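Asker: Following the hints, complete the assembly by docking chain B onto the known chain A.
Each chain, letter by letter, is given below.
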Amino acid sequence: MPRRRRDFWWSVTLLGFLTVLAFLVYPLATVLVASFTGEEKRFILAENYHRFFTHRYYYSSLINSLYLSGLATLGALLVGTALAFAVARYPLPGKPFIRTAANLALLSPPFIGAYSWVVLFGRMGLVNRALSTFGWSLPTIYGWRGILLVFVVQYFPFVFLLVSAALRSVDQSIEDAALSLGSPPRRTVRTAILPVIAPSLTAGALLVFMATMADFGTPMIIGEGLRTLPTLMYGEFINELGGNPAMASTLGSLLILVNTGALMAQRYYAFRKAYNVVCIQPLRVRRILPGLRLALTVFAYGVVGVALIPSTTIIISSFMPTRGPVMYAGLSLQSYQTIFHLVPRAIANTFGLTALAVALDVLLGVLVAYVLARRRSRAHALLDALIMLAYAIPGTVVGVGLIVVYNRPPVVLTGTWIILLVSYFIRHLPYPVRSCTAMLQQIDIRVEEASVSLGVPPFRTFLKVTIPLMFPAILSGAALAWMTTIGELSSSILLYSGPWATMSVAIFTEVFSNHFGTASALASILIVAAFVPLFLTYRVLGERAALGV
Amino acid sequence: MTRVRVEGIVKRFGDTLAIDGVSLDVRPGELFTLVGPSGCGKTTLLRIMAGLLEQDTGRVLFTEDRMDDVPSYLRNIGVVFQNYAIFPHLTVGENIAYGLKARRMPPDRIATKVAEAARMVQLERLVDRMPAQLSGGQQQRVVLARALVIEPRLLLMDEPLSNLDAKLRVQIRSLIRALQRELRITTIYVTHDQEEALAISDTIAVMDRGRILQVGKPWELYLRPAGSFVADFIGTMNVLRGKIEGPGRGAEERTVVTDFGERWQVRATGRPGEPITMGIRPESLQLEAGANAQESWNSLKGTVTEMVYLGAVVRYQVQVAEDLLVTAEIHNPDFSAICGAGDRLTLWFAASRTIPLPGETKRA
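Protein sequence lines, in the order shown, are assigned to chains A and B.
Heads up: the first sequence at position 425 corresponds to 425 in our numbering, and the numbers run straight through without jumps.
Heads up: the second sequence at position 156 corresponds to 156 in our numbering, and the numbers run straight through without jumps.
Same shape as in the complex, but just chain A (with noise of 0.2 Å):
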């Protein structure tokens, strides 16, 4: 289409820009800004870098937090790797269970998952206290050791999904050349297949990684006093007394540094690595002897298994008699009673913002997907990049950005649920910009130009052609988000104030005050809200792709 110049397109892409710069990059800078002022706003060139690194207390946040992570991101990559593999490759049952029951895994929020393992293995956990009638014990769940199990068990889906779709895409063509060729089998994976599905294993390995980096739920429930970056970050930034505010932006940081070099580290390897593959004939299952089938099997339920755990747990003992911490067998609503009773407020706000925030996600991110795909330039290419940071930056990093910048006039949102919704909208637009950019890179633009040179003008054209055929990205790209930010709690537990208060803040104060029946409740509805949209995007994409759409 001919290029006018200041044409609506244009606005989208200024909007888009404002967007970015007031609720992210400006937060950012002054995270960064404030990590080198001393006392008195003066500009102070690396005080409080060299405070960091002399002090045990400090650094050995940034040991833990980059050990954990590095350690949980090879756990998952092997686990994640090894199941993809496995139910590419070889004649395992209930293939399509196994794939639904790692992408169920995804669906609670880390810091639920943590509070599962506590309920299950905690010090009045329901096992360790079946187990006390009997005088045994088990090996604490609590520090390292617990923080490891809940990012592995939590995140190894992401790599699963990532090298399953990866190995859908290799040709079975190129097996057969490698091993025409004289390539022994286990060569031929590791010179042939892996290769091509590098760029996915990394993107697996990146969001694990940054993720991991980001949680603050995990280590606060089972960490029990073990520092990392983002717990750190939250005590000095929060603590009235003896807290340090420009050591919290150290903190920030250091974070963003982190995050950000990993995602650029990915970015250049992948785009170097990656290949136009053109898959006919997948690979083939191969048939194998019945002992290691059944070892693979045994492998295969054993992780799904695993991964079913927490949601299990919490949904089970949210229907369990409790007091405290300590849970009683039987049947009993008694704590749905008491959320009902005590946090409706919660609940309602949860489900206000999170939908808010979708809509204005979906909405921007369906034009500014368009902007990126179609008109490609130098700043769009920059839009692109700020929009994935929000992906890389962690949420206690934005919102002790958003607090630092909207606490003093002329905009003042601290306070008010505008905060919470703009951190929310913020964090989770990457989602339906990365679907519809993707599908759009689908569809080809001629379609596009047909109907305008049938007498349709450009806009509606978008409207009755671009967007019907973006329909199934939009839809997957608003679960996600939906399904991401009706659990935030990162960045939630900083913004809310008073009545504001959401159900991740909810469950939190509820597990750090022994509440956890209450906890419990309040998690199974997270779950089943996380779950019922994703659920239905995927029964809608289905029919469609039935009708051949």
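Be aware that one or more of the hints could be misleading.
Claimed, not checked - With a straight-line cut-off of 25 Å between C-alpha atoms, the simulated BS3-like cross-links for lysine-lysine are: (1) K101(B) / K464(A); (2) K113(B) / K101(B); (3) K113(B) / K464(A); (4) K243(B) / K301(B).
Said to hold, decoys possible - Pair ranges (Cβ atoms, derived): (5) G291(A) / K167(B): 49 to 59 Å; (6) D444(A) / I338(B): 49 to 59 Å; (7) Q281(A) / P71(B): 41 to 51 Å; (8) A29(A) / D56(B): 35 to 45 Å; (9) A132(B) / Y67(A): 26 to 36 Å.
As the list claims (entries may be wrong) - On the chain B side, residues computed to face chain A include the following (Cβ under 8 Å): (10) F81; (11) N83; (12) A85; (13) I150.
Read the hints as simulated data drawn from the structure, not as lab findings.
Treat the numbers as computed from the prediction; the structure is a model and nothing was measured.
Every residue, glycine too, gets a C-beta built ideally from N, C-alpha and C.
Answerer: Just chain B, lined up with the frame of chain A:
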């Protein structure tokens, strides 16, 4: 019927000059083909006429109306794209009705016109199908009906047959030609396939590197190419070089001595001593001189290096000189006359069948 004029069009993409000052005049109701190798600018020119791209300079006129500031959706054109560009979320009928709805036609009129258009492209039984349930040829017919049903001033087709297999290509080609003749719609047709261009066109323009090299009827391009690019792009051409020795039998002929020492009568102008480049089509070469006494017959001798037997035709590659290989196509070959590699052969051709290739001589 619309006359289409394009005057002095220039289009750059960054540093590359895609269209280098092109002017064309397309007569009302004709099927006008732009043909050339990929990257020659033919699709760019088509998109400019469609209003999907803006030219840097130059004018586009439909009859007497200047189109340069008219957006695509107001030009009232039908466009058929290479990869169909069918609306995958609409049924066949809805696809065909799309442009009519945009024109706010009453629903009962739309229904009649859609049915009529579907019948025209033999899809009347498939109007309720989704595009994914159709074959490539059927999809292309939907797109054709969708473009024609709006009664456009101009039909623009961008390689409409290139995604189809050989048999369907011929089928849809004759459908397009028949509909275009019947509806008398001025049509611009883009293709890289010279055979398709010859078969379908009233007029052909050969493009290369953003320029028009020659415009003419199919037989004009084939029998009187303006230069060796056109000669070689449209069909196959044996290019031979020599020097003019003296006058020939008529004013249009000269006696020429070739670089490999044969003395020929050929169609040429020019003075003795001047170098000359001549073309001879493979099918103009034959195994014996004709009986027509009005003609001067020339011969060349060589060794067969390759023989391809195709039934109705035998194609020989004949080594005439060390650096000269000539292609000859012998039609309806006689059983006893078939040669194999290594055999010596004498080929004959009439002076009137030689094609002077102007503009080439200087480079020679």
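Asker: Compare the structure with each hint and give your call.
Answerer: Hint check:
no.	hint	verdict
1	K101(B) / K464(A)	holds (12 Å)
2	K113(B) / K101(B)	holds (11 Å)
3	K113(B) / K464(A)	holds (21 Å)
4	K243(B) / K301(B)	holds (19 Å)
5	G291(A) / K167(B): 49 to 59 Å	holds (54 Å)
6	D444(A) / I338(B): 49 to 59 Å	holds (50 Å)
7	Q281(A) / P71(B): 41 to 51 Å	holds (45 Å)
8	A29(A) / D56(B): 35 to 45 Å	holds (41 Å)
9	A132(B) / Y67(A): 26 to 36 Å	violated (51 Å)
10	F81	holds (5 Å)
11	N83	holds (6 Å)
12	A85	holds (4 Å)
13	I150	holds (6 Å)
Checked against the numbered hints above, the structure breaks only hint 9 and satisfies the rest.
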